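Q: For reference, the chains in residue letters:
2 protein chains.
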Amino acid sequence: MPRISSVEVIDVRFPTSLNQDGSDAMNKDGDHSAAYVVLHTDDPGLSGFGFTFTIGRGNDLCVAAAVQRAQPLIGRDVDAICSDLGGIYRELQSDSQLRWLGPDKGVIHLALAAVMNAVWDLAARRAGVPLWRLLSEMSPEELVAAADLRYLSDVLTAEQAVALLAAQEPGRKERLREIEESGYPCYTTSAGWLGYSDEKLRRLSEEAVASGYKHVKLKVGANLADDVRRCGIAREVLGPDGHLMIDANQVWDVPQAIEWINALAEFDPLWIEEPTSPDDVLGHAAIRKAVAPIGVATGEHGMNRVLFKQLFQAEAIDYCQLDAARLGSVNEVLAVYLLAASFGVPVCPHAGGVGLCELVQHLSVFDYVAVSGSLEGRVTEYVDHLHEHFTEPCVIRDGAYVLPAAPGYSAEMHRQSLETYQFPEGTYWSSRAGEDPRP
Amino acid sequence: MPRISSVEVIDVRFPTSLNQDGSDAMNKDGDHSAAYVVLHTDDPGLSGFGFTFTIGRGNDLCVAAAVQRAQPLIGRDVDAICSDLGGIYRELQSDSQLRWLGPDKGVIHLALAAVMNAVWDLAARRAGVPLWRLLSEMSPEELVAAADLRYLSDVLTAEQAVALLAAQEPGRKERLREIEESGYPCYTTSAGWLGYSDEKLRRLSEEAVASGYKHVKLKVGANLADDVRRCGIAREVLGPDGHLMIDANQVWDVPQAIEWINALAEFDPLWIEEPTSPDDVLGHAAIRKAVAPIGVATGEHGMNRVLFKQLFQAEAIDYCQLDAARLGSVNEVLAVYLLAASFGVPVCPHAGGVGLCELVQHLSVFDYVAVSGSLEGRVTEYVDHLHEHFTEPCVIRDGAYVLPAAPGYSAEMHRQSLETYQFPEGTYWSSRAGEDPRP
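Chains as they are written, first to last, in my numbering: chain A, 98 to 536; chain B, 98 to 536.
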């Protein structure tokens with residue numbers, strides 16, 4: 098009976114701002130970072146790994162919060178935790194003093210995500226299977242017991258959730274065989290960061306199409322003339338049948354969003370992503386009405402399941418881009434997948450950053466096998482950055498995620514990467530002390 | 098030309114959980130706390146004081162975040178800051194790396210509130226007037242330049258906001274004379290904490306009525322039979338003409354809220370406060386429809402102006418209970434007052450905790466003088482706790498806040514209180530080290 102013997106939380110920051118990887122209209126100089134959690138057990142062969150993703154300053158706040166969030170886990174029996182993943186989530190989540198700082202949002206929720214992602218990783222390793230398989234083999238009742246359905250019963254009761262999952266049970270095995278063969282379809286954002294030149298945009302778009310991608314996503318929203326020119330380049334490379342997505346990273350008010358998006362309509366975008374404040378359910382609904390048939394997508398800053406419930410209720414989005422490290426781990430992600438399925442909205446998870454691709458591949462496969470049972474309108478983000486720091490990096494083949502085989506949630510990072518990029522003690526940062534303005 | 102020479106941020110925690118002051122159905126054991134900011138200048142007679150309010154664990158996260166938030170202020174000219182209070186707010190708020198952890202919510206936003214509250218306190222002290230007077234003497238254009246109107250232009254443009262304030266200008270002086278005489282009406286929550294016995298509830302309610310209060314608020318939501326009994330006691334003491342408010346502190350899902358509130362309708366509550374998740378705009382709208390004529394109130398966990406915009410758009414609330422230490426200081430509070438006035442919803446600010454009463458008295462007076470111009474349906478919370486730690490505690494007379502006279506935002510605490518209750522170094526906490534389970 099292994100127990101959790103200690104919790105290690107590490108502030109890892111990569112200097113991505115140096116070459117504007119990840120730059121967009123709102124976030125010009127992010128250093129992609131992770132508050133990285135390791136749950137050590139007294140079995141030296143068994144640990145759990147998890148993280149939340151940030152873009153630099155404030156990652157230390159998530160680290161400090163994760164230390165507090167994880168405190169109740171120390172000394173606990175691993176089997177007991179793994180046999181009640183809903184119970185341990187609710188226990189950590191319901192600390193009323195920490196709850197006051199949210200509830201269910203901001204630093205304390207990012208920290209809950211980091212810790213509970215590590216718990217789910219531990220559970221899958223304990224079971225000796227990748228997380229997608231752990232989830233895909235749980236019964237409807239077990240899944241619903243793990244899901245955070247609080248505040249959702251006006252649209253989805255536990256009974257309705259069980260029924261929804263039970264209806265998909267007969268096809269699970271067949272869909273699993275199919276997806277193991279084909280992989281889960283993805284698109285790339287690597288081509289379109291705002292800081293890239295036209296030449297780099299064209300070259301990367303051409304490379305993307307050549308490697309089998311049918312979608313390319315561009316950052317927009319800083320300057321309309323630039324956007325028109327860049328969208329023109331991407332559409333030219335994609336041809337009329339490829340899918341162009343555009344992403345404004347929250348820079349617009351609602352009226353400005355409508356005007357700007359309609360000015361780019363000639364390039365036939367599949368979706369506009371994050372047109373305005375991520376909190377503005379009614380604003381997204383108004384934009385969606387005004388820019389149809391262009392779809393509206395949001396979710397990477399979707400703070401919790403209550404926000405997503407309302408996005409669905411208000412018919413505000415065409416694509417749900419939940420984030421595996423912003424929602425409170427698999428427990429809350431499950432709830433959003435269930436809501437999305439019940440409202441018939443496809444989930445196309447946000448990825449990129451640090452390790453988000455590694456996580457979401459598991460979620461997408463599970464969604465297809467056990468929740469939505471559909472690939473229609475679904476494509477998961479992929480960004481070609483920072484995978485080299487993970488012990489089990491995701492693999493892309495022909496524009497699709499290959500199903501990961503190793504036990505766990507693919508969340509473990511190399512010790513060497515941690516030692517180099519730990520902030521501020523790691524060898525990379527300490528060698529630059531005094532030289533770099535970043536705190 | 099004084100400059101900001103240093104920033105001090107202190108973790109102050111009061112052991113209020115010991116006697117269940119502040120207990121409710123969600124928060125059973127809060128230690129009322131503040132992340133307390135002092136902006137020192139090189140003029141020894143001039144400092145700025147501000148804080149955000151928390152209930153214990155995690156207050157250290159707000160402290161650490163406030164240190165980061167305040168960093169850009171160090172070395173800055175006080176006059177330059179005070180002459181562009183909108184500019185400095187936007188500068189601090191727009192740190193894109195910290196923004197990622199919200200945006201505009203959770204720990205980083207609480208920290209922004211703490212820091213910018215201190216800036217506003219500094220500005221009022223610099224001007225030698227209480228904050229309510231500083232605000233009441235600003236022109237409509239100056240107020241709108243200070244207000245955070247981002248993401249609001251679909252319902253309120255800057256021009257509309259100026260017009261709204263200009264329309265109230267002619268009556269400012271007369272209303273000021275009137276409110277200086279009468280004070281601003283308040284109600285008390287001190288009687289109805291959930292942990293109090295029936296006897297204590299009855300005695301405190303009787304004392305409240307005897308001291309001139311026309312409103313009493315009870316915590317509900319833990320047990321329906323208890324709620325029926327306690328509401329009966331309060332209604333009996335109040336008589337048929339007094340106002341009973343009930344407060345569930347977010348414990349219900351939407352369907353449960355409707356059922357429970359209707360079961361208490363016989364006691365004729367004026368409002369139900371926080372019936373469900375504070376993020377659930379559409380949920381509040383559904384509850385409001387189903388429990389009318391009982392009013393719906395929320396806002397103490399209202400994370401930002403975008404949430405309030407939607408609460409107004411969806412006609413989800415009858416009373417707006419904004420929080421002076423959760424919204425991003427006066428800059429964002431101004432925006433919510435402007436929205437509320439344009440939608441015709443009365444603002445009844447949340448108070449209690451640590452020093453919230455000291456802050457909101459200024460806001461309520463300003464609202465009456467310069468924004469809404471009305472007292473109809475308006476009553477500001479008052480809780481009789483922890484005022485002794487402030488150098489200029491609020492004063493209540495005949496159920497009304499007496500207008501504060503001292504320069505500033507009434508946010509300064511006694512050094513002795515800080516030395517006693519600083520966590521964990523203060524004399525109170527260090528003398529209990531090892532004795533108390535609170536971390």
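Check the hints yourself; a few may be wrong.
A pair holds if it fits inside one copy or across any two, identical chains being indistinguishable in the list.
[Said to hold, decoys possible] The calculated lysine to any residue pairs, modelled on SDA-like cross-linking and capped at a C-alpha distance of 25 Å, are:
| no. | residue 1 | residue 2 |
| --- | --- | --- |
| 1 | K311 | P169 |
| 2 | K386 | A411 |
| 3 | K125 | R196 |
| 4 | K386 | F440 |
| 5 | K125 | I171 |
| 6 | K386 | G184 |
| 7 | K297 | E238 |
| 8 | K270 | D365 |
| 9 | K386 | E412 |
| 10 | K297 | P521 |
| 11 | K297 | F440 |
| 12 | K311 | P443 |
| 13 | K386 | R247 |
| 14 | K386 | Q410 |
| 15 | K270 | A260 |
| 16 | K270 | E485 |
| 17 | K297 | S236 |
| 18 | K297 | C179 |
| 19 | K386 | E516 |
| 20 | K297 | E489 |
| 21 | K386 | P267 |
| 22 | K311 | N359 |
| 23 | K270 | G329 |
| 24 | K386 | S250 |
Hints listed in this document are in silico derivations from the structure and should not be mistaken for laboratory results.
Nothing here was measured: the structure is a model prediction, and the numbers come from that model.
Q: Next, verify each hint and record whether it holds.
A: Tested hints:
no.	hint	result
1	K311 / P169	neither (46 Å within a copy, 45 Å between copies)
2	K386 / A411	both (11 Å within a copy, 17 Å between copies)
3	K125 / R196	between (31 Å within a copy, 12 Å between copies)
4	K386 / F440	both (18 Å within a copy, 23 Å between copies)
5	K125 / I171	between (39 Å within a copy, 24 Å between copies)
6	K386 / G184	neither (40 Å within a copy, 34 Å between copies)
7	K297 / E238	neither (50 Å within a copy, 45 Å between copies)
8	K270 / D365	neither (37 Å within a copy, 57 Å between copies)
9	K386 / E412	both (9 Å within a copy, 20 Å between copies)
10	K297 / P521	neither (32 Å within a copy, 54 Å between copies)
11	K297 / F440	neither (39 Å within a copy, 49 Å between copies)
12	K311 / P443	within (18 Å within a copy, 52 Å between copies)
13	K386 / R247	between (30 Å within a copy, 21 Å between copies)
14	K386 / Q410	both (14 Å within a copy, 17 Å between copies)
15	K270 / A260	within (18 Å within a copy, 64 Å between copies)
16	K270 / E485	neither (32 Å within a copy, 67 Å between copies)
17	K297 / S236	neither (48 Å within a copy, 50 Å between copies)
18	K297 / C179	neither (47 Å within a copy, 45 Å between copies)
19	K386 / E516	neither (49 Å within a copy, 57 Å between copies)
20	K297 / E489	neither (29 Å within a copy, 61 Å between copies)
21	K386 / P267	neither (37 Å within a copy, 41 Å between copies)
22	K311 / N359	within (23 Å within a copy, 54 Å between copies)
23	K270 / G329	neither (43 Å within a copy, 59 Å between copies)
24	K386 / S250	between (27 Å within a copy, 17 Å between copies)
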